[in-house]
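Trainee: Here is how the chains run, residue by residue.
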Amino acid sequence: MEFKVRLNTQGRPPLEATAAFSAQSVLLGLTGPSGAGKTTLLRALAGLEKCAQVNVSSYRRSSPRIMMVFSEPCLFPHLSVEENLILARQYSADSGASLTTYTALCHCEHLLGRAAVSLSSGEAQRVALARALASQPDILLIDEGMGAIDSATRRAIISGLKQYATKTQLQVVLVSHDISDLALYADELALLEAGSLVCAGQVARVLGHYATETSLVPCLSLLEGKATDPDPRYPYHRFLCEGQVLYAHSRASFEEHVRLVVDARQVSLDKMDVNQSTLVNAFACQIVSMDTLSDAELRVTLRQGDTTLYAIISHLSRDRLGLTAGDAVTARFKLC
Amino acid sequence: MSGDWTAIWLTLKLAVISSLILMIIATPLAWWLAKWQHPAKPIVQAVIALPLVLPPTVLGFYLLLAFSPQSWLGSGWESLTGGQLAFSFAGLVIGSVIYSLPFAVQPLYAGFVQLDIKYLETAGMLGLSRTAQIRRVILPMVKPHIITALGLAFAHTLGEFGVVLMIGGNIPGETQVLSISLYDHVESLNYGQAHQLAIGLLIFSLILMSLLYRLNRKGRDAWNSRSG
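From first to last, the protein sequence lines stand for chains A and B. One point on numbering: in the numbering used here, the residue at position 65 of the first sequence is 65, and numbering is uninterrupted. One point on numbering: in the numbering used here, the residue at position 144 of the second sequence is 144, and numbering is uninterrupted.
Hints may contain errors.
[To be verified] Derived pair list, reagent style DSBU-like, types lysine-lysine, alpha-carbon separation capped at 30 Å: (1) B/K13 / B/K143; (2) B/K13 / A/K50; (3) B/K35 / A/K167; (4) A/K271 / A/K334; (5) A/K167 / A/K4; (6) A/K4 / B/K13; (7) A/K162 / B/K41; (8) A/K226 / B/K41.
[As the list claims (entries may be wrong)] Covered stretches of chain B, going by a simulated chain A footprint (3 or more residues, C-beta under 8 Å): (9) 36 to 47; (10) 82 to 93.
None of these hints come from the bench; they were simulated from the model. For every residue, glycine included, the Cβ atom is placed at its ideal position computed from N, Cα and C.
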């Protein structure tokens with residue numbers, strides 16, 4: 001998917017964004033602080049901002065069918081859940097398609113007979129997503145449309161959506177202010193600040209930009225790698241990152257590939273070789289640089305091979321351990 | 001008594017025709033008004049709302065002037081149909097439509113203003129054409145407001161007196177509506193017959209309004225309830 005959006009209307013901050021995402025990337029995460037223009041960008045892409053100059057193409061076709069899911073579910077209140085879905089299907093390319101794929105994906109089969117107005121907000125968001133899928137778009141834009149869904153279900157839905165999108169060549173743009181959710185699932189990330197895309201591309205690179213070039217929190221790093229044989233006694237994924245075994249919780253994985261998103265505040269550093277900590281994950285790496293964040297804290301940039309990891313520690317810890325750039329250390333963090 | 005039946009029939013005919021015409025005029029007018037943003041909007045709203053506050057005789061007086069064969073409306077009508085507009089049933093219909101316009105426009109306006117644009121944007125993205133959006137989304141979503149508008153316009157026309165007296169006079173079978181007929185009976189001290197008409201109109205109006213509120217309460221409950 002490629003797009004170019006320009007919007008300059010009076011009384012609103014201008015928006016200018018150009019991006020190109022690879023055909024293999026089915027799930028694109030868009031994040032940024034409140035008021036950065038995320039919703040406006042999606043609305044412009046969906047053709048809802050009349051004053052915007054918009055150019056969007058998908059790898060499926062040059063003038064793609066675009067569907068946007070608002071943060072409010074906007075289910076038609078006079079229809080039942082099923083009727084909402086049927087209405088969407090009726091105007092789609094394949095009006096004979098079965099609805100089960102979409103309802104199963106969005107965990108809302110059991111809601112079909114309900115009146116749209118009787119749903120809780122989390123249920124309504126799931127149905128809104130199913131309805132959007134039933135309209136069979138080429139590009140699906142989701143604007144914080146899953147905020148009311150509990151996190152376990154949300155992650156299951158995102159995971160299922162990613163599989164479905166891969167199979168059908170659908171591209172999904174998921175907007176969330178929660179970058180950790182996006183980092184775990186998105187194929188590519190984009191960061192919007194004050195109406196312009198300041199960084200877009202590989203998740204690790206955008207996370208790096210987010211951590212070092214902006215004042216935004218949290219400071220996150222991405223560790224990923226190929227899954228190895230799991231230990232049958234525990235429900236965790238074992239994977240190899242830069243040749244080292246790490247553990248991740250099962251929800252954060254896709255088939256052979258496992259991802260772990262680590263908050264820099266959850267990382268501790270030591271110079272011991274033997275793990276005597278309850279922190280499961282130990283990652284041997286080297287200190288690249290140390291940047292003072294405040295008079296209390298500093299951010300340590302660690303690297304091993306192509307993987308970058310951040311840790312936020314106190315000046316006191318640095319002085320006690322006598323850490324300097326170039327030191328070999330072990331970074332420890334919980335499995336999550 | 002047969003005169004009373006004629007009056008009742010005439011009143012119902014007037015109310016039905018007027019409220020149907022009103023719905024046809026008021027629905028697009030209310031939609032346009034809900035979308036229209038202009039410094040002159042309050043003036044247009046005030047003009048539509050005038051019949052709510054003006055004595056019906058004031059409205060009737062100006063309508064009478066407009067209907068007279070000397071005015072462009074009255075003379076135009078006369079050259080078109082051969083009859084005069086004042087003291088005719090057609091004149092009554094025009095008067096009723098103007099008199100009851102705010103009762104039809106205001107509930108519809110409220111409905112359209114409350115209708116979140118995102119529903120229409122969603123419908124548009126789903127691929128519904130403009131007419132499909134009106135038929136399958138807009139009208140069903142503002143249905144409670146349509147019922148209110150129709151009910152109020154009908155009931156209000158039913159009880160009209162001042163305007164009719166000014167522009168229609170008291171011609172049995174043509175302009176003598178129920179309220180005028182009732183007034184006639186009282187004038188000629190015919191209290192028994194007056195009472196029959198009065199109680200009939202009272203009960204009918206009560207039933208109509210109760211039905212309206214009942215329908216609307218149902219509508220409102222369906223919008224807000226979380227029970228499934």
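Trainee: A separate judgement is required for each hint: does it hold in the structure or not?
Mentor: Quick rundown of the hints versus the structure:
With a CA separation close to 24 Å, the supplied pair B/K13 and B/K143 stays within the 30 Å bound. The hinted pair formed by B/K13 and A/K50 fails the criterion: a straight-line CA distance of about 47 Å is larger than 30 Å. For the given pair, B/K35 sits about 43 Å from A/K167 by alpha-carbon distance, which is inconsistent with the 30 Å threshold. Between A/K271 and A/K334 the CA atoms are separated by roughly 18 Å; this keeps the pair inside 30 Å, and the hint holds.
For a cut-off of 30 Å, the pair hint linking A/K167 to A/K4 stands: about 26 Å separates their Cα positions. For a cut-off of 30 Å, the pair hint linking A/K4 to B/K13 is broken: about 61 Å separates their Cα positions. Distance check on the hinted pair: A/K162 and B/K41 sit about 49 Å apart at the alpha-carbon level, beyond 30 Å; violated. Annotation: proposed proximity of A/K226 to B/K41 is violated, straight-line Cα distance about 65 Å (limit 30 Å).
For the region 36 to 47 of chain B, the proposed coverage by chain A is not satisfied: 0 residues have a C-beta within less than 8 Å of a C-beta in that chain, short of the threshold of three. Using a Cβ-Cβ cut-off of 8 Å, 0 residues of the region 82 to 93 of chain B lie near chain A, which falls short of the minimum of three, so the contact claim is violated.
The structure is inconsistent with the numbered hints 2, 3, 6, 7, 8, 9, 10, although it conforms to all the rest.
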